[in-house]
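Each protein sequence line maps, in turn, to chains X and G.
My numbering puts the first residue of the first sequence at 1, with every later residue one more than the last.
My numbering puts the first residue of the second sequence at 1, with every later residue one more than the last.
Do not rely on the hints blindly, as some may be mistaken.
[As the list claims (entries may be wrong)] To give an idea of the interface, some chain G residues facing chain X are shown, with a C-beta separation under 7 angstroms as derived from the structure:
(1) Asp41
(2) Tyr43
(3) Pro154
[What the hints assert, rightly or not] In silico negatives: residues of chain X with every beta carbon more than 12 angstroms from chain G:
(4) Leu16
(5) Gly50
(6) Leu152
(7) Leu175
(8) Arg182
(9) Ala185
Note that these hints are calculated values from the structure, not bench results.
Computed from a predicted model, the values in this text were never measured in an experiment.
For glycine and all other residues, C-beta sits at the position ideal for the given N, C-alpha and C.
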Amino acid sequence: MNGLIRLPVGLASLLLPPLLTLAAPPWLSIVGVGPSWGVLWLLPWALVDGPLSGALGGLALGLLLDGLHPGAVSEWPVLVLLGWWWGQLGRRFPQFGRSFSLGLLAMLGALLLGLSLLLQFGFAHAAGFDPGLSITAGGITPRGWSPSVIALAGLQTLAAQSLITGLLAPVLCSLQLLFWRRQRARQR
Amino acid sequence: MPLGRWPRGSLQSLRSQALPWIAVLLVLGLVRLSKGAAFADLYALISRPFWPGSAQSEWLRSSQRLGADLRLTQLSEDNARLRALLALDQGRGASIAAAVIAREPNGWWQQLLLNKGSLAGVQLGDAVQAPGGLVGLVDQLSVSTATVTLLTDPSSRIGVWVVRTRQHGLLHGVGTSRPVLRFVDKDPLVRPGDVVLTSPASTLVPPNLPVGVVQSVDQRANPTPEAVVQLSAQADAIDWVEILGRSSR
């Protein structure tokens, strides 16, 4: 496989989303909620490198991001699906790169990712895994969100994150698209 | 009018001559009734420049502080002895100062990342205090970092009590900046402004750490009343925290 992952810069760039998630620059946020850096990284990567690389990139990134947070809720399933979908789009439309389309796709990606998290939190609550912060020998047990918490904080977080991701995507994803296309061209 | 001489003239002039005397007697009567309070106040006003200097009041304050310290020591010893009898948490062990190196006070997970981990002696479940009060509990550990789940996170639940009414409850994070306090009792008699501390009966957190202030109370909440609590330590504005080690769990 002659993908971007074989480039040192490609592999190193995988570390950027978790680092930016930790740094959480407050000036890039809406009501304190930052963008989904994973989505902003994955969209150009998958568009340039195809569905398989997109899915694998989503998996790798999801596993990295999951390591930053306690609990059993996971981001990788949706990131894998998004990587695959955006890879297919990149195959079908090789010159895909309009700012509006990138913003819309990133917003949709952040929305799907947030919805999956909400569903997982809600499911954990419905299944009774809601003991709060209980410390056991094996670490922290899974925890869930009640419907009132989902309505109060979950939907606000979902809306804010989708919006800021969609607003940043035209700038950040366009630059990355350009960069990755140049790298691909050099690779060939 | 000289005293001892019967006044001459009409009744009107007699009344006008007697009026100053009546007024004076009235004032004196009031002085008598007030037990000289007005005189004392007047004296205090006049003698203010000659009052004892600040040195003496400082001596008095330092002796009061000494007395308070002694009382605190004695009460702490009593408290430790009683908690030992009840087999409750012994309170604080050694505390570790740590810097906040990443923060996520809003979003899907509400947490802080600290620059001290298991190598520095931090343990899972250790309480983390910032200037102002408790901010959360250590939820995840690495060798050199500790992840703190904030009190605002929906997964956070800690036992607290309202000092004034001695009512216990469970503080639930709801994802917003103000967690909700659910009381155990049906009639907690709590009102806005009451101070919330960690519960002395809690096995998760050290007792009597400041948490926040009751902002509003919903008496009609089901099944028990609820209160919205304004936290006293703001997680988005702190750079250093204190990890409170636990002497026993």
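Going down the list of hints, with the structure as the test:
no.: 1; hint: Asp41; in the structure: violated, 55 angstroms
no.: 2; hint: Tyr43; in the structure: violated, 60 angstroms
no.: 3; hint: Pro154; in the structure: holds, 5 angstroms
no.: 4; hint: Leu16; in the structure: holds, 15 angstroms
no.: 5; hint: Gly50; in the structure: holds, 29 angstroms
no.: 6; hint: Leu152; in the structure: violated, 6 angstroms
no.: 7; hint: Leu175; in the structure: holds, 24 angstroms
no.: 8; hint: Arg182; in the structure: holds, 32 angstroms
no.: 9; hint: Ala185; in the structure: holds, 36 angstroms
Hint check: violations occur at hints 1, 2, 6; the rest are consistent with the structure.
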